[in-house]
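Residue numbers (our numbering), protein chains in the order written: chain A, 1 to 203; chain B, 1001 to 1119.
Output of the computed footprint for chain B on chain A, the stretches with three or more beta carbons under 8 Å from beta carbons of chain B:
1) 11-18
2) 191-203
Derived DEER-like restraints, expressed as beta-carbon distance ranges:
3) B:T1042 <-> A:R121: 55 to 61 Å
4) B:D1105 <-> A:E172: 27 to 33 Å
5) A:Q97 <-> B:H1093: 26 to 32 Å
Just so you know, these hints were derived from the structure itself, not from any lab.
Don't be surprised by glycine CBs; every beta carbon is placed ideally from N, CA and C.
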Amino acid sequence: MDSTISEPDARVPLGAAADTGLKIVIVGGFGVGKTTLVRSVSEIRPLNTEEVMTQAGVGIDENAKVSEKNTTTVAFDFGRISLNDRMVLYLFGAPGQERFWFLWDRLFSGTLGAVVLVDTRRVADSWYAIDRLEHHGTPFVVAVNRFSDAASHSLEELREALSLSDDVPMLECDARQRESSKSVLIGLVNHLYDLSMAREMTP
Amino acid sequence: MIRRPVDLGDPDRLYIVTGGRHRTDDTSFDLVTLIVSECEPTPGMQSEHVRILELCRRPTAVVEVSAELKLPVTVTRILLGDLLATGRITARHPRPAPARHALPDSALLKQVLDGLHNL
Ligand SMILES: Nc1nc2c(ncn2[C@@H]2O[C@H](COP(=O)(O)OP(=O)(O)O)[C@@H](O)[C@H]2O)c(=O)[nH]1
Ligand SMILES: [Mg+2]
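Start from the sequences, fold in the hints, and give me the full structure.
This is the structure in structure tokens:
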């Protein structure tokens, strides 16, 4: 291990051979447990940053001043998992609200897939995210984060409430538990693997 | 009219960059492109460049550079572009984003699964 004195904080650097970055996005409404999930599996303390963007028409005059009010700053947090010497998986906690979705392409294109975190007390918060992912063709699983004060609904009831098709896996999770969060990620990648195998079998 | 997100950093710098490198900007740095320093900082270098070269002695994702510098991703990309153009860093890009509705190959996903199981 490096123990350089000049290292100002507890940064954990990647191995020198790391060359393939991968992405998984955790989507869900405010307070649903995105950051908690990322923290429970990440090898680094979750970091956050922001992207400043503006919505503008394609045909905009190049010299036009971009007016302040069209810009949006989107903050997101992320964590990291080194999968092996070369591959490193980044987990992004992304806001699921409608007004952020124009960012999806730019920010999260090339993502392996998504986890939609659902709080059973606010199921409707997830409708929009699910709709957009389907529209986008981004594969996803739904993880139901059960808060203790929530009434219990069966996964089948929730599937109905979310109008989820049968081929989208649903999982229960407690984002505070590392093993639970880990199994959500494994559930997603298993799903991706199945989809990919099915596609590779089809001529 | 189609709505399309456009990056906005410091407008002046953004203008300089987009003015010169219109097309390449789209593909340059993904959030998870891994950056590696190819030299040590030199005296007189812009402080952000110094910080990047120090951070990236080991591979560091664009998004981590952004978080460590406390600068928006957009601005970070511009700084990285400066360093890349002068050969001070190299970039290890993720595999190209699969086309819409396409999936990564199963061999890659198998490696991801193995990595997660070993956590
Ligand atoms: N009971 C319970 N509480 C949780 C769970 N996941 C997150 N929380 C709590 O919910 C609150 C919001 O979580 P946070 O991760 O910040 O939500 P975010 O806005 O989606 O990032 C925190 O106080 C967490 O401790 C869970 O699985 N079960
Ligand atoms: Mg959060």
